[in-house]
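2 protein chains.
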Amino acid sequence: VPGSLERLFNPRSVAVVGASSQPEKAGNVILRQLIGGTFRIYPVNPNRHDLLGLLCYPSVSALPERVDVAILSVTAAATLQAVEECVQAKIPYVISVAGGFSEMGEEGSVVQKRIAEAVQGSETRLLGPNTMGVMVPARKFDTFFLPRERSPRPKDGSISIISQSGSVLVGMYEMAEDHGVGLRSCIGVGNKADLNENDFLEYLAHEHGTKCIGMYIESFADGAAFFDLAKEVSKKKPIVAVKVGTTSSGARAAASHTGAIATSSDALVSGVFKQAGVLRVADDFELLDAAKALAHIGQVNGDRIAIVGSAGGFGVIATDYIASKSKGFGLRMASLGEDTKARLREKVPPFASVENPVDLTGVVNDQMYHEVIELVQSAENVDAILLNLLFQPPGMTVGVVDVVERWARKGKKPMVVCCVGGTFPRSILRRLEEKGVPTYGTMRRAVFALRCLYDRGQYLRRIKEEGAA
Amino acid sequence: VPGSLERLFNPRSVAVVGASSQPEKAGNVILRQLIGGTFRIYPVNPNRHDLLGLLCYPSVSALPERVDVAILSVTAAATLQAVEECVQAKIPYVISVAGGFSEMGEEGSVVQKRIAEAVQGSETRLLGPNTMGVMVPARKFDTFFLPRERSPRPKDGSISIISQSGSVLVGMYEMAEDHGVGLRSCIGVGNKADLNENDFLEYLAHEHGTKCIGMYIESFADGAAFFDLAKEVSKKKPIVAVKVGTTSSGARAAASHTGAIATSSDALVSGVFKQAGVLRVADDFELLDAAKALAHIGQVNGDRIAIVGSAGGFGVIATDYIASKSKGFGLRMASLGEDTKARLREKVPPFASVENPVDLTGVVNDQMYHEVIELVQSAENVDAILLNLLFQPPGMTVGVVDVVERWARKGKKPMVVCCVGGTFPRSILRRLEEKGVPTYGTMRRAVFALRCLYDRGQYLRRIKEEGAA
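Order-wise, the sequence lines are chains R and F. Going by this note's numbering, the first sequence opens with residue 1, and the numbers climb by one from there. Going by this note's numbering, the second sequence opens with residue 1, and the numbers climb by one from there.
Be aware that one or more of the hints could be misleading.
Computed beta-carbon distance windows for the label pairs [as the list claims (entries may be wrong)]:
#1 F/Ala138 <-> R/Asn10: 31 to 37 Å
#2 R/Asp156 <-> F/Phe39: 53 to 59 Å
#3 R/Ser335 <-> F/Ala469: 49 to 55 Å
#4 F/Pro147 <-> R/Ser335: 34 to 40 Å
#5 F/Ala225 <-> R/Ser335: 24 to 30 Å
#6 F/Glu232 <-> R/Gln377: 50 to 56 Å
#7 R/Lys231 <-> F/Phe227: 49 to 55 Å
#8 R/Val363 <-> F/Ile35: 23 to 29 Å
By construction, these hints were calculated from the structure, which means they are not laboratory data. Heads up, the beta-carbon is just placed ideally off N, CA and C, and yes, glycines get one too.
Kindly produce the complete structure, drawing on both the sequences and the hints.
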């Protein structure tokens, strides 16, 4: 497929232009991180014979093959010439890391325009400048100039993220790694001199490993094209997006960050997103929270939520978040049938509550969770389950991870897990997350995720009805 | 001071009625956890000669002294008699741990009423039943029946929390411990047969170590008394409160949890809180986030916030949260004077931004933070600083902890710190927190804390003006 970007994400060979021997330089960090990947690597540096055990080449034209990707780790001043050499060598993808272009004002914009002109009409597509580039954990392909020791990378997963901010992207993948969430790919679009968010959205729509697309947007390269494209993509894959600069102060801050002028009003953005089926979220945290639910569960078809837990107080907090329209997320508490309640009563102690929120109290144990989840999974009036695990009760062990995973796999009702606390609860959440169960450290976040799943379900229903009409 | 509750929080001697040799029993866990405290401990169990190296007593009347506190770890059925024995022995404070009373319906309510009557008019005050009791880290006094191995305790600090839910309280102290936040005391009020939230609010108002009072409330024991009391207390110490059951579903859930009937409308609660100077927050997380800012910083006198960081994207996210009234927290971005900007330009590289948000870019290092914070600290148009630390830039080291701490101590402008990411950023936040700097893992939470500090400042100004008028 021409222009499919496939080789940018799955290169057979990579050149690092500006490869360096100095460990703190980007040209060294990038090279170090590429080693171990499943592609050939060529450092380009006219002043070195070899680097990190790899033979150096004086220029891209001197390389023994036409590489799929050239990563330019040279100064802003040297970038234009480096791009021109890549165009001449017909290298299909160039990633330009250096900052100092449109984000720096008039002068930088002029140079950036010349870079854009250099690739226009050529066989070369450019990502950047002013970008971290691309990260594909499954292929150990990673152009981010941050040492892994300082910035641990996530494992492979089914979420891909397109970001107009490198730091926000780094924050998100570090969080993902920390929580055991896998990412399929990370893309920093930088200043978008050539390739922009729309190109990557199109690519990810067809990339089989991506089940949910997350976007952090400061400005649109082409808002109308985004709308048309997103509308099509979101029919197949959920798109979650942060659009910042919602206030005039924020828009000014965005302008001084990437030189992007936010021309669209915030209400317009919200309207367009809604119509295109793009789920708008407030920040990087909400993006990850929503994306992991959508990637793993996909959708929830109704708004009736059952809470299962062992702590009355958290049940009340969650209930408010579920039921409140103004301060919460405007869902409904499932009303458990008499039949379900009768069967629950057989499984739980007399002082437990079999009303929703189901409160198993401090005598709860792994087996009780198993039996209660089984019953609530088969209850008629329930669309999704919020499981609130607490590990203070002495009967609770890490064995509950297997119980939850089993039901998350074979159960018909979507289930998200909340677990509040410190190091130990966090380790449990991580284990569940690694098994594909969306987990949250607060009730608010768990209910927020359910709302996102419900919105996705409603959207899919709507376009299905429209299609049938 | 009669009724000051001082000895409940600082007992010279404690009895554990129902002390047990079985490690999983509450009567064993509590006893184990008391050992190591600075008070005398007496296990009461008629069937044992000794327990955990301590001599056992057959009943409270057989104790060698009148203890300050008796902790009743006996069944619901045995509780009334145990309370009566404590009343007879004139023990000033009794903590009744067992559940199975008003939260269980009619029958339990009857017994609970008899317990309340047993202490009425006596020299004994009762906390509970259905409570975890009290935790005072500074005195290693802790009646919570959760082993420390499973549920690590926080260090001493200046926040005290009154909670109507044991689990929510446990969640909060575990979070506090995990984040390096100290707590002065934790109180689970349980079913409030005798002592209630108002008694503890009054005590904490005069407790010198408590600088901020947090409350989790499902229902008011006496709403009018709470209003009058809170109004007085909040003049001296900030009160942050969660009042759940804001929806009818939530109110029903609360009723089935502690048997409490929420008679007050949610809007009424908000109005009363506002008038009384009580800062209403949504959940346990917001409570801790607000409380640590209020305990350490106290107040912010204006709404002009300066952001200092090294990542443009996070600067934009923070700006939106600061400036947006509908989606954010309705503060203002400080406008830095030309003088300040000129001086900043001397300290930072040419491609850094000296507009607010100040963006030091990836070349930032500890020393640059020191110099820039110094300048922003002395800027005229700034009321508070939001510092966004990121550790990807190679020049950043843990040394920045000392820089930030120094300015947090000697600087005139209040400062909160945000740091997004995984294990390493979390460890930095913890170190800062331990030094008394309020830290947050997301921009939203950091700006929320600033808004709480601003609201507190506005409240104090208002009552000062009212006092002068």
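Evaluation of the provided hints:
no., hint, in the structure
1, F/Ala138 <-> R/Asn10: 31 to 37 Å, "violated (59 Å)"
2, R/Asp156 <-> F/Phe39: 53 to 59 Å, "holds (55 Å)"
3, R/Ser335 <-> F/Ala469: 49 to 55 Å, "holds (53 Å)"
4, F/Pro147 <-> R/Ser335: 34 to 40 Å, "holds (38 Å)"
5, F/Ala225 <-> R/Ser335: 24 to 30 Å, "violated (36 Å)"
6, F/Glu232 <-> R/Gln377: 50 to 56 Å, "holds (51 Å)"
7, R/Lys231 <-> F/Phe227: 49 to 55 Å, "holds (53 Å)"
8, R/Val363 <-> F/Ile35: 23 to 29 Å, "holds (26 Å)"
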